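Colleague: Generate the whole structure from the sequences, applying the supplied hints.
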Amino acid sequence: MAEAQTAKDHDFEKGLEGSSTGVASFDTHSRSLLDQIQHTLHSHPAGVPLIVLLASVAGFGIILGSKFFSPFALTLILQQVAIVGIVGMAQSLVVLTAGIDLSVGAIMVLSSTVMGHFTFRYGLPAGFAVMCGLACGALCGFINGTLVSRMKLPPFIVTLGMWQIVLATNFLYSANETIRSQDISEQAPILQFFGEKINIGGAVFTYGVIGMILLVLVLQYILNHTSWGRHVYAIGDDPEAAELSGVRVRRTLVSVYTLGGLICAFAGWVLIGRLGSVSPTAGQFTNIESITAVVIGGISLFGGRGSILGMMFGALIVGVFSLGLRLIGTDPQWTYLLIGLLIIFAVAIDQWIRKVAS
Amino acid sequence: MTRDTSKREPILTARNLVKRYGRVVALDHTDFDLYPGEILAVIGDNGAGKSTLIKAISGAVVPDEGEIRLEGSPIHFTSPMDAREAGIETVYQNLALSPALSIADNMFMGREMRVPGFFGKYFRKLDRKAMERVAREKLNDLGLLTIQNINQAVETLSGGQRQGIAVARAAAFGSKVVIMDEPTAALGVKESRRVLELIKDVKARGLPIVLISHNMPHVFEVADRIHIHRLGRRHAVIDPKDFSMSDAVAIMTGAMEPPENAQAA
Numbered sequence: 001m002a003e004a005q006t007a008k009d010h011d012f013e014k015g016l017e018g019s020s021t022g023v024a025s026f027d028t029h030s031r032s033l034l035d036q037i038q039h040t041l042h043s044h045p046a047g048v049p050l051i052v053l054l055a056s057v058a059g060f061g062i063i064l065g066s067k068f069f070s071p072f073a074l075t076l077i078l079q080q081v082a083i084v085g086i087v088g089m090a091q092s093l094v095v096l097t098a099g100i101d102l103s104v105g106a107i108m109v110l111s112s113t114v115m116g117h118f119t120f121r122y123g124l125p126a127g128f129a130v131m132c133g134l135a136c137g138a139l140c141g142f143i144n145g146t147l148v149s150r151m152k153l154p155p156f157i158v159t160l161g162m163w164q165i166v167l168a169t170n171f172l173y174s175a176n177e178t179i180r181s182q183d184i185s186e187q188a189p190i191l192q193f194f195g196e197k198i199n200i201g202g203a204v205f206t207y208g209v210i211g212m213i214l215l216v217l218v219l220q221y222i223l224n225h226t227s228w229g230r231h232v233y234a235i236g237d238d239p240e241a242a243e244l245s246g247v248r249v250r251r252t253l254v255s256v257y258t259l260g261g262l263i264c265a266f267a268g269w270v271l272i273g274r275l276g277s278v279s280p281t282a283g284q285f286t287n288i289e290s291i292t293a294v295v296i297g298g299i300s301l302f303g304g305r306g307s308i309l310g311m312m313f314g315a316l317i318v319g320v321f322s323l324g325l326r327l328i329g330t331d332p333q334w335t336y337l338l339i340g341l342l343i344i345f346a347v348a349i350d351q352w353i354r355k356v357a358s
Numbered sequence: 001m002t003r004d005t006s007k008r009e010p011i012l013t014a015r016n017l018v019k020r021y022g023r024v025v026a027l028d029h030t031d032f033d034l035y036p037g038e039i040l041a042v043i044g045d046n047g048a049g050k051s052t053l054i055k056a057i058s059g060a061v062v063p064d065e066g067e068i069r070l071e072g073s074p075i076h077f078t079s080p081m082d083a084r085e086a087g088i089e090t091v092y093q094n095l096a097l098s099p100a101l102s103i104a105d106n107m108f109m110g111r112e113m114r115v116p117g118f119f120g121k122y123f124r125k126l127d128r129k130a131m132e133r134v135a136r137e138k139l140n141d142l143g144l145l146t147i148q149n150i151n152q153a154v155e156t157l158s159g160g161q162r163q164g165i166a167v168a169r170a171a172a173f174g175s176k177v178v179i180m181d182e183p184t185a186a187l188g189v190k191e192s193r194r195v196l197e198l199i200k201d202v203k204a205r206g207l208p209i210v211l212i213s214h215n216m217p218h219v220f221e222v223a224d225r226i227h228i229h230r231l232g233r234r235h236a237v238i239d240p241k242d243f244s245m246s247d248a249v250a251i252m253t254g255a256m257e258p259p260e261n262a263q264a265a
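Those sequence lines, one after another, are chains A and B.
This note's numbering puts the first residue of the first sequence at 1, with every later residue one more than the last.
This note's numbering puts the first residue of the second sequence at 1, with every later residue one more than the last.
Derived from the structure by calculation, the hints contain no laboratory data.
Keep in mind that this is a model prediction, so the values were computed, not measured.
Glycine is no exception: its CB is placed at the ideal position from the N, C-alpha and C atoms.
One or more of the hints may lead you astray.
[To be verified] Beta-carbon label-pair distances, calculated as ranges:
no.	chain 1	residue 1	chain 2	residue 2	range
1	A	Met151	B	Arg23	22 to 32 Å
2	B	Gly254	A	Gln164	57 to 67 Å
3	A	Arg150	B	Val62	11 to 21 Å
[Stated by the list, open to error] Some residues of chain B that are not near chain A, with every Cβ distance over 10 Å (derived):
no.	residue
4	Val18
5	Tyr21
6	Gly22
7	Asp31
8	Asp64
9	Ile75
10	Ala100
11	Asn106
12	Arg111
13	Lys121
14	Arg128
15	Val134
16	Ala185
17	Lys203
Modeller: Given below as structure tokens:
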């Protein structure tokens, strides 16, 4: 009898009788070429920057010939993007959680001055001073993460404040003193460890470059093949949904910012190798360059989409344009102009890809 | 089929639950009973406190007073995670899915599987193959297949398909109780029909279901009993076979007194 009643109640669904009865089937209807491209890019977020990177390398190679297309010039690009690449990884982690970290550059510089001054002012063993520098970076990140996740303050504001605080601490602590390259190489060569080079048939790899590549591989693995990595994406996608499906959102956020700070400190160590000296005024543009690499690399500023690999391609694109245009001999402003165009292009592509839906 | 609930032990009970938000009393000494294998619909006007009741059972809200028992033993949830670990799964109205992640990722969010051995232990490597296989099996169990690609992002699916994933996830991991909050609210007629079939499938697997819905035809179609919530308490429990939809609405809004025998049921 219940059947009879419900059947009557559902007269309005009679029109469904002829429709397919499969429950929520997943069909793959044929799509236009543009749709297919959109779907492919949707599942491979590093695709666009990779294409742009290859095209720009090919383009400059054709224009400049062997001057650009040599092992030396190509590995020079790697050396030039090493710092931004490493800091960009810290930035990527934070941006994937739909945050932003404006304090990355400041944390990097403070960590490098801590490494230098702990060695030279207090006479601590250089290896221990490096540890202290790394801890200092992680602590800064931990403060960021705690303020963002526990106090529920917007990441933009928290890291804007921390940027000023950390940078001021850096200048106050170091008394604006630079530690000279000769002193470091005589007394504490480990600080310049990442400046060491290996030469393979004209291609020059600094340890910093190798460190960067290893870090890319490690983070790529962590983000794609561990629960923690999946949780980072889920939090950036929809923090409430992540929480309800059992992700410990606050704890994960603190760990993201802390790891970000640690990576920045590592960049600070590599920075000493690149400059030779410890300078509190170094790396002024690292913040904005890291965000540029992240955006061009196809990581969505709204969180949850993109990959470390894409960010690396983004950083390399900037490096290729900088070196290529310098070799051509144009005004460096053309580089900035082109980078600006690339940023807008990248965000437009991101918006288009996000629109993908059945 | 006549249901004699007095002879069976309820799987999930609540007694005298109270929850206050400042001066607002959302739950006013309410009771709740869910029996094994049934679909219990919870209906109530807006502000009647039914979502607070459901949140108390699913761990999202901690009641100020009262007692909740699962299979006879008292439970004290402080988070949805506690409820999940006790075997109570909830399909939230917003589904709690991560749109950019894959179907498999979503089904295992927060309870991922790691590869056995060295890599799983020290490198915490996820067992993607196993998770994909299990996800496919679980969707298959509910007749949700013809999925081409289990690694498809959830945002590329339709509303009904997403609901299907959320229900499959709850059914796969909910060992004791599945709670569904407005599962058909955001769907069209055709998709609602499929989700109702899905709810019946889950019931057929022996899992009791708490169904919160505003949609009377849907409630009357699938529910074995209807818990009517009014002014923060259980106003009546009725059998859908004995009452019409308009009776239910009348009781819910206070236009009709609940029948004597239904009050205690």
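Colleague: Was Ile75 (chain B) rightly flagged as not at the interface, with every chain A Cβ beyond 10 Å?
Modeller: holds, 18 Å
Colleague: Kindly confirm whether 22 to 32 Å is satisfied by the beta carbon distance between Met151 (chain A) and Arg23 (chain B).
Modeller: holds, 28 Å
Colleague: Just want to verify: Val134 (chain B) was marked as not at the interface with chain A; is every Cβ pair farther apart than 10 Å?
Modeller: holds, 15 Å
Colleague: Over 10 Å to the closest beta carbon of chain A is the bar; see if Arg111 (chain B) clears it.
Modeller: violated, 6 Å
Colleague: Take a quick look at Asn106 (chain B) and tell me if its Cβ sits farther than 10 Å from every Cβ on chain A, holds or violated.
Modeller: violated, 7 Å
Colleague: Beyond 10 Å from every chain A Cβ: check whether that's true for Lys121 (chain B).
Modeller: holds, 12 Å
Colleague: So Ala100 (chain B) supposedly isn't at the interface. Is its beta-carbon more than 10 Å from every beta-carbon in chain A?
Modeller: Violated, since 5 Å does not exceed 10 Å.
Colleague: Is the claim that Asp64 (chain B) lies outside the interface with chain A correct, judged by CB distances over 10 Å?
Modeller: holds, 23 Å
Colleague: Can we confirm that no CB of chain A comes within 10 Å of the CB of Asp31 (chain B)?
Modeller: Its Cβ never comes within 10 Å of chain A, the nearest being 26 Å, so this holds.
Colleague: Once the closest CB in chain A is found, is it more than 10 Å from Lys203 (chain B)?
Modeller: Holds: least Cβ distance 14 Å, greater than 10 Å.
Colleague: Per the hint of 11 to 21 Å, is the separation of the Cβ atoms of Arg150 (chain A) and Val62 (chain B) within bounds?
Modeller: holds, 20 Å
Colleague: May I ask you to check that Tyr21 (chain B) keeps its beta-carbon over 10 Å from the closest beta-carbon of chain A?
Modeller: Check passes; 19 Å lies beyond 10 Å.
In terms of the numbered hints stated before, the structure departs from hints 10, 11, 12 and 14, listed from lowest to highest.
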